[in-house]
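**Q** Single-letter residue listing:
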Amino acid sequence: MSNAIDQTRRMLSLVTYLRERPGARVGEVARAFGVTEQELVADLNVLPMCGTSFRGGDLLDIDTDGERIWWHNADDVAQPLRLAADEATALLVAARAVAALPGLRERDRQALTRAVAKIEFAAGESAQGSARVGVTFEAEGHVFADVDRALSERRRLWLRYYSYGRGGMTEREVDPIRLVTEGHTYLEAWCRVSEGRRMFRLDRVADIRVLDTPADPPPLEVRDLSDGLVHPDADDPEVVLEVGPAGRWVTEYYTHDEAVELPDGGLRITLRTPEPAGLRRLALRLGRDGRIAAPADLAAQARAAALEALAAYGADGSVQGTAGS
Amino acid sequence: MAIAKAERLMNLALCLMNTRRPLSKRELRDSIEAYREASASGSEDAFNRMFERDKDDLRELGLVIDIDESALDGEAGYVARRDRNRLPEIALDAEEAAALSLAARVWQQARLAGAASGALQKLRAAGVPFEEAADREHTALEPRILAREAAFEPLLAAARDRRPVAFDYRKAGAVDPEQRTVEPWALECWHGHWYVAGWDRDRKDVRVFRLSRITGRVRARAGRFTAEVPDHVDVRETVARFAGEGATAAARIRLRRGAAFPLRAKALSVEPVDADWDELEVPHGHGLGAWLAEFGADVVVLGPDDLRADVVDRLRAVAGLAPAGPAAGTADAPAAGTADAPAPGTARGASAPETAPQGAQR
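Taken in sequence, the protein lines are chains A and B. Sequential numbering from 1 applies to the first sequence in our numbering. Sequential numbering from 1 applies to the second sequence in our numbering.
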């Protein structure tokens, strides 16, 4: 059940909606308002207690037989209401962000842009606050457009993809499932090589081709993304990192199981990953700001990788004459 | 049993919208059962507090409630005038409606998700044809705006109402948080992270803060803004700059062929050196040293010298070696800077609100 504010908001619109639609069907109204039939019936149980005067008995005479809804004394109290500042902000900020997404179909972009202008006008001064909130979605326009086409034509994709975990390029064929944008844009797809569902970040796609082969993913349930896009498996190897205050950002970029405060203002971070080699690279990036505490062999790999990289430089930090050649 | 809040709010709204003359608080109390119960069982005070809260809640929902201070023989009267509360005529075609209903699903944050669906409900009630568009083919896209940071909601409200706030903020690399008093101007989400720009009263300057670094509660401060709010606040540019974008300088590196695609994708120029190596020019923005170190032996930094020293220093730290010579470790040391970034035009080398966007895993 939603909270009292959302319920009040919904009931205010509901009376306007019902006034125009005598005998409206419960199922259709619930769908239109994005609630379950139970939630709608709960609203319909409250409305007959509402009106302009408790004593005068001037209450809304709304009732339902469980299938249709009737309002016997509908009057003009139910006018369409102006948008609140938060409502206009929520709608306009999201619409502007989507409209600016690189690779979006031109037709969708134009429809959104027209809608934004109309909402701005209808919202009047309520729209002013929306200029104070901005959201940028990143996407690689040409990759996005190809994925979008493959999705709508239900075709397989060939990718040359940079795997962050392995640090190298991979080639694979995938059956696209959907595009998800959360800051960056990701392709969720069924990977024919690993036979699993994978997320591909569009800015790591080096090359893409829409194949003639029809996409043929196995039947899949839509994955709930509310806990994050990446879910490590329970049996992925565990890694412990210890970072100083300047390495705290790691918790915001890596899905982790635990982050314990350390006395120096740092954190001990426990996470699981199918590709521990990616964390070796994280260790190199962190430098003095963090280290791999466990497992020991991964820490040793990071040390070895640093020594190998240092071989290109002289003791004074200069580049050796033949370095890299 | 106490009457549910939604029922009480609905009754107050209907009373205020349905009256042609302002109603006194007493009249409203007598008309609305929940208020009569509250007055009977509690004190006059309890009713007054409830009434004030309810009015605020209805205003949050968009209702314009006028107060006529002396409408009724010196008693204040309340009314929600129809002309001020009516949604103007709005005509969206099916395509526009479909595009808008996609946008309305974007918010994953409870309050704005509620506000967005509330807006759609109002538009739908006003006759906008949302459902008819279901069969139209459009981008199979799920844009999502998250705002898990607890500071998001209070800062959003404070920026909207132009109220100053105070919060504890941990700068990048700082051991302890520090209290800041800020007049919040604008919020921006970039690469999935939220930032707020505003006037820092203690620093007497414009600052950008990353919401995830706010520790504890955002506290309201009495009074109004003291600094003038600029017409345009570009948080995005500031944040992007500290994430290493928009760099004007360049660095020269050698890169093993086939390695480090993200770095190669940003290259300004690529020249082959031999069978295995290329020489690249890459934008030298903030945080480049950390990024280059990540690629280990696949990258050799040719210049500038301070960038190379920074990379060598990072590698030596991981190798368990002491810092090399006096030249090392001086370049681009983010831990030494302030975490909050001055706004564009006032930059003077302070360090980033974030230090790790490039190539970070998500």
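Calculated from the structure, these hints are not laboratory results. Among the hints, erroneous ones may be present.
Each computed EDC-like pair below joins lysine to aspartate or glutamate, with the alpha-carbon atoms no more than 16 Å apart [to be verified]:
hint, chain 1, residue 1, chain 2, residue 2
1, B, K55, B, D66
2, B, K25, B, E69
3, B, K5, B, E89
4, B, K5, B, E27
5, B, K266, B, D278
6, B, K5, B, E69
7, B, K5, B, E37
8, B, K266, A, D203
9, B, K266, A, E140
10, B, K204, B, E228
11, A, K118, B, D93
12, A, K118, B, E89
13, B, K55, B, D73
14, A, K118, B, D56
15, B, K266, B, D276
Computed list of chain A residues with no C-beta within reach of chain B, every gap over 12 Å [said to hold, decoys possible]:
hint, residue
16, D65
17, F137
18, A150
19, L282
Every residue gets a Cβ at the ideal spot worked out from N, C-alpha and C, and that includes glycine.
**Q** Could you let me know if the closest chain B CB is still more than 12 Å away from the CB of A/D65?
**A** holds, 22 Å
**Q** Are the Cα positions of B/K204 and B/E228 separated by 16 Å at most?
**A** holds, 12 Å
**Q** Please work out if B/K266 and B/D278 have their alpha carbons no farther apart than 16 Å.
**A** holds, 14 Å
**Q** Does B/D66 lie within 16 Å of B/K55 when you go C-alpha to C-alpha?
**A** Holds - the C-alpha atoms of B/D66 and B/K55 are around 11 Å apart, at most 16 Å.
**Q** Next pair to validate is B/K5 with B/E27; report whether the Cα-Cα distance is within 16 Å.
**A** violated, 19 Å
**Q** Between the alpha carbons of B/K25 and B/E69, is the straight-line distance 16 Å or under?
**A** holds, 11 Å
**Q** Need the status of pair B/K55, B/D73: alpha-carbon distance at most 16 Å?
**A** Answer violated: B/K55 to B/D73 is near 22 Å, above 16 Å.
**Q** Beyond 12 Å from chain B, beta-carbon-wise, is A/F137?
**A** violated, 6 Å
**Q** Taking 16 Å as the top limit, are the C-alpha atoms of B/K266 and A/D203 close enough?
**A** Within the cut-off at roughly 11 Å; holds.
**Q** Does A/A150 really sit off the interface, with its C-beta more than 12 Å from all C-beta atoms of chain B?
**A** violated, 10 Å
**Q** Would the pair B/K5 and B/E89 pass a check requiring their Cα atoms to be no farther apart than 16 Å?
**A** violated, 31 Å
**Q** Does A/L282 really sit off the interface, with its C-beta more than 12 Å from all C-beta atoms of chain B?
**A** Given that some Cβ of chain B is not farther than 12 Å from that of A/L282, nearest at about 7 Å, it is violated.
Checked against the numbered hints given earlier, this structure breaks hints 3, 4, 6, 13, 14, 15, 17, 18, 19; the rest are met.
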